[in-house]
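Peer 1: Here is what each chain is made of, one letter per residue.
Protein chains: 2
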Amino acid sequence: MANAGPIAIVIHGGAGTIAREKLTDEVEVAYRQKLEEAARAGYEVLTRSSKEKGSSSIDAVIAAIVVMEDSELFNAGKGSVLTHAATVEMDASIMEGESLNAGAIAGVRHIRNPIRLARDVMSRSDHVMLIGEGAESFALEHGYELIDNSYFQTPQRMRQLQRIQNTTTGTALSEDNSLGTVGAVAIDRNGNITAATSTGGMTNKRFGRVGDSPIIGAGTYADNSACGVSASGHGEYFIRAVVAHDICARVMYKGIALQQAADEVVLIKLKNMHAEGGVIGIDPQANVVFSFNSTGMYRAAIDKDGELEVLIFKGISD
Amino acid sequence: MANAGPIAIVIHGGAGTIAREKLTDEVEVAYRQKLEEAARAGYEVLTRSSKEKGSSSIDAVIAAIVVMEDSELFNAGKGSVLTHAATVEMDASIMEGESLNAGAIAGVRHIRNPIRLARDVMSRSDHVMLIGEGAESFALEHGYELIDNSYFQTPQRMRQLQRIQNTTTGTALSEDNSLGTVGAVAIDRNGNITAATSTGGMTNKRFGRVGDSPIIGAGTYADNSACGVSASGHGEYFIRAVVAHDICARVMYKGIALQQAADEVVLIKLKNMHAEGGVIGIDPQANVVFSFNSTGMYRAAIDKDGELEVLIFKGISD
Numbered sequence: 000m001a002n003a004g005p006i007a008i009v010i011h012g013g014a015g016t017i018a019r020e021k022l023t024d025e026v027e028v029a030y031r032q033k034l035e036e037a038a039r040a041g042y043e044v045l046t047r048s049s050k051e052k053g054s055s056s057i058d059a060v061i062a063a064i065v066v067m068e069d070s071e072l073f074n075a076g077k078g079s080v081l082t083h084a085a086t087v088e089m090d091a092s093i094m095e096g097e098s099l100n101a102g103a104i105a106g107v108r109h110i111r112n113p114i115r116l117a118r119d120v121m122s123r124s125d126h127v128m129l130i131g132e133g134a135e136s137f138a139l140e141h142g143y144e145l146i147d148n149s150y151f152q153t154p155q156r157m158r159q160l161q162r163i164q165n166t167t168t169g170t171a172l173s174e175d176n177s178l179g180t181v182g183a184v185a186i187d188r189n190g191n192i193t194a195a196t197s198t199g200g201m202t203n204k205r206f207g208r209v210g211d212s213p214i215i216g217a218g219t220y221a222d223n224s225a226c227g228v229s230a231s232g233h234g235e236y237f238i239r240a241v242v243a244h245d246i247c248a249r250v251m252y253k254g255i256a257l258q259q260a261a262d263e264v265v266l267i268k269l270k271n272m273h274a275e276g277g278v279i280g281i282d283p284q285a286n287v288v289f290s291f292n293s294t295g296m297y298r299a300a301i302d303k304d305g306e307l308e309v310l311i312f313k314g315i316s317d
Numbered sequence: 000m001a002n003a004g005p006i007a008i009v010i011h012g013g014a015g016t017i018a019r020e021k022l023t024d025e026v027e028v029a030y031r032q033k034l035e036e037a038a039r040a041g042y043e044v045l046t047r048s049s050k051e052k053g054s055s056s057i058d059a060v061i062a063a064i065v066v067m068e069d070s071e072l073f074n075a076g077k078g079s080v081l082t083h084a085a086t087v088e089m090d091a092s093i094m095e096g097e098s099l100n101a102g103a104i105a106g107v108r109h110i111r112n113p114i115r116l117a118r119d120v121m122s123r124s125d126h127v128m129l130i131g132e133g134a135e136s137f138a139l140e141h142g143y144e145l146i147d148n149s150y151f152q153t154p155q156r157m158r159q160l161q162r163i164q165n166t167t168t169g170t171a172l173s174e175d176n177s178l179g180t181v182g183a184v185a186i187d188r189n190g191n192i193t194a195a196t197s198t199g200g201m202t203n204k205r206f207g208r209v210g211d212s213p214i215i216g217a218g219t220y221a222d223n224s225a226c227g228v229s230a231s232g233h234g235e236y237f238i239r240a241v242v243a244h245d246i247c248a249r250v251m252y253k254g255i256a257l258q259q260a261a262d263e264v265v266l267i268k269l270k271n272m273h274a275e276g277g278v279i280g281i282d283p284q285a286n287v288v289f290s291f292n293s294t295g296m297y298r299a300a301i302d303k304d305g306e307l308e309v310l311i312f313k314g315i316s317d
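Quick note, the sequences are listed as chains A and B, same order.
Read the first sequence against numbering that gives the first Met the number 0 and you will find it ends at 317, with the numbers running on by one and no gaps.
Read the second sequence against numbering that gives the first Met the number 0 and you will find it ends at 317, with the numbers running on by one and no gaps.
Worth flagging that the hints you see were computed from the coordinates, not collected in a lab.
It cannot be assumed that every hint is accurate.
[To be verified] The calculated DSBU-like cross-link candidates involving lysine-lysine, where the alpha carbons are at most 35 Å apart (straight line), are: (1) K253/B x K253/A; (2) K270/A x K313/B; (3) K268/A x K253/B; (4) K52/A x K303/B; (5) K268/A x K52/B; (6) K50/A x K270/B; (7) K303/B x K253/A; (8) K77/A x K270/A; (9) K253/A x K270/B; (10) K268/A x K270/B; (11) K268/A x K303/B; (12) K303/A x K253/B; (13) K268/B x K303/A; (14) K21/B x K268/B; (15) K253/A x K21/B.
[Claimed, not checked] Okay, the calculated bits of chain A under chain B, using three or more residues with CB under 8 Å as the criterion: (16) 89-101; (17) 126-138; (18) 204-216; (19) 235-248.
Bear in mind that the values here come from a model prediction, so they are computed numbers and not experimental data.
Where is the CB? At the ideal position from N, CA and C, for every residue including glycine.
Based on the sequences and whatever the hints tell you, model everything.
Peer 2: Structure (structure tokens):
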């Protein structure tokens, strides 16, 4: 394949009910800065010579997601939402569109950057998906440090859990950023598309619950012939709708553009299921796509012309 | 919907390398009898009046799969293959094609009939997928007895594990029925299609490994507008190929028949990935489909004319 194709990266920091009036200027600025930092971290990888080690779209999405996992602002890594038992359990997945290789982990509690472990499951194991203590035992064998669960927990998430547990229903459903995900999709100079997603899941979720983020086909999917997609939203519905693969399947079999395919799934199919959320994607021509049916989605992209955009609400200037 | 549509059920007891010369007459008869018993158990449910409780395609696939989970012949429930640590860890999933509701469990060790628990996750929880101890804690709350892991272990599976661990590579890959799955797809008088899959996974798998069986879209998928599918094969590839949803997507978006869609995925796409296995399916007209690229697949169906067939090898009379 030609070694001079266009490069691009798109990231999200969660889709959901984002009330503009509740977002202070200070917090909004913090989100925009961190989204820009994450997008630039991934893009920098893509600009390296493709002969250099660490210049692939795999490396790019990892670089972007690690920035968000390390930030308390997003529901992934540090700052993940809390389970019903007030602990953090994280899920992540990655898929690379040339070989259709994939890796996923679910229910890990002691891995600083879950997305790195998903990548090692893809690259260094015979398996695609490892869960719970089995995933952490694999991590130990591969030199990971197991860190205390308290590292991930923040006072803000504890208040959020208490607020939800004090409501009469104690519902685990979407409420002021009580769910969310981070994700990234990138295309490198070789035309290779990688998609990846990482999350703490849903506030007040019961112990052992797995959402769409670590499910290849639901939260994450990549195929160089069609697209790469990372999703964020109410995971139960996203699993049932096989969101990421369904979008790619519409591109492949209906021959429609990625934006149209994403809108059909997010604005029609998911909306009809009353499922809130959104997706990001990139097609083989390096076009960047967003689609969401929630009031907002934290998102950023650096497109094939090198233009950065950082957005939170609906409307292209928001 | 009309209350007099055609009914049908199709089941499988695993696809893989089945050497005719290694299968004694006695064992072959045992397999054929158990497959027939499972298919009849499911079909009997479908023949009940649709006003009766317990007459749906959900009830039918559960009835069929429980017969196979309770038999030592198949890699699900009792008789599941052993992990590297010589324990049994089971996965299961179910999806119903009218509402697109789904339930799945992974990594359970003490549930006699994992498929029943998957159904209860679908019907009695807010979640689609529960894993490990979280799934078993949910089971306890819903009146399940947690049984000792030794119940599932059989001398035959221990010998199989030792044989694989004594080879130089210790590979966990397909070898004389070292992987396998059971599954069922049914359509009831209301035209509702349900698909379900249950498995012990792969012999010598590392602890925490999850294959395609509990992954909605990969091992199991159902949508009344297109088809229901249950898969059996090398799970890592089946996840990456999103097998069950990809077959349904080809029916929906390419407008081809279910048999052709299944053959495209199993005989071309999976074959090109060097992935061994197969699928069963039913379309909205109650046509039954098999497709596999392995030497055999334990399978049976009672079709819309009430005709039973029980097959193991390739060829319609085998």
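Peer 1: Measure nothing beyond the straight line between the CA atoms of K303/B and K253/A; if it is 35 Å or shorter, mark the hint as holding.
Peer 2: 31 Å, holds
Peer 1: Please work out if K253/A and K270/B have their alpha carbons no farther apart than 35 Å.
Peer 2: It holds: about 24 Å lies between the C-alpha atoms, which stays within 35 Å.
Peer 1: Below or equal to 35 Å on CA atoms is what counts here, so check K268/A against K303/B.
Peer 2: Holds. K268/A to K303/B sits at ~31 Å (cutoff 35 Å).
Peer 1: For the pair supplied as a hint, K303/A and K253/B, confirm whether the alpha-carbon distance does not exceed 35 Å.
Peer 2: 31 Å, holds
Peer 1: Holds or violated: K268/A with K52/B, Cα cutoff 35 Å?
Peer 2: Holds, at about 31 Å.
Peer 1: Taking 8 Å as the Cβ threshold, is the statement that the stretch 89-101 of chain A is covered by chain B upheld or broken by the three-residue rule?
Peer 2: holds (count 4)
Peer 1: If you draw a straight line from the CA of K253/B to the CA of K253/A, is it 35 Å or shorter?
Peer 2: Roughly 7 Å separates the two Cα atoms, so the pair holds.
Peer 1: Below or equal to 35 Å on CA atoms is what counts here, so check K21/B against K268/B.
Peer 2: Between K21/B and K268/B the Cα gap is close to 29 Å, so the pair holds against 35 Å.
Peer 1: Count the residues of the stretch 126-138 of chain A with a beta-carbon closer than 8 Å to any beta-carbon of chain B: does the count reach three?
Peer 2: holds (count 11)
Peer 1: Need the status of pair K268/A, K270/B: alpha-carbon distance at most 35 Å?
Peer 2: Status holds; Cα separation ~32 Å.
Peer 1: With a cut-off of 35 Å on the C-alpha distance, tell me whether K268/A and K253/B pass.
Peer 2: 18 Å, holds
Peer 1: Given the hint that K50/A pairs with K270/B, does the C-alpha gap stay at or below 35 Å?
Peer 2: 32 Å, holds
Comparing the model with each earlier hint shows violations of hints 2, 4 and 15; every other hint is respected.
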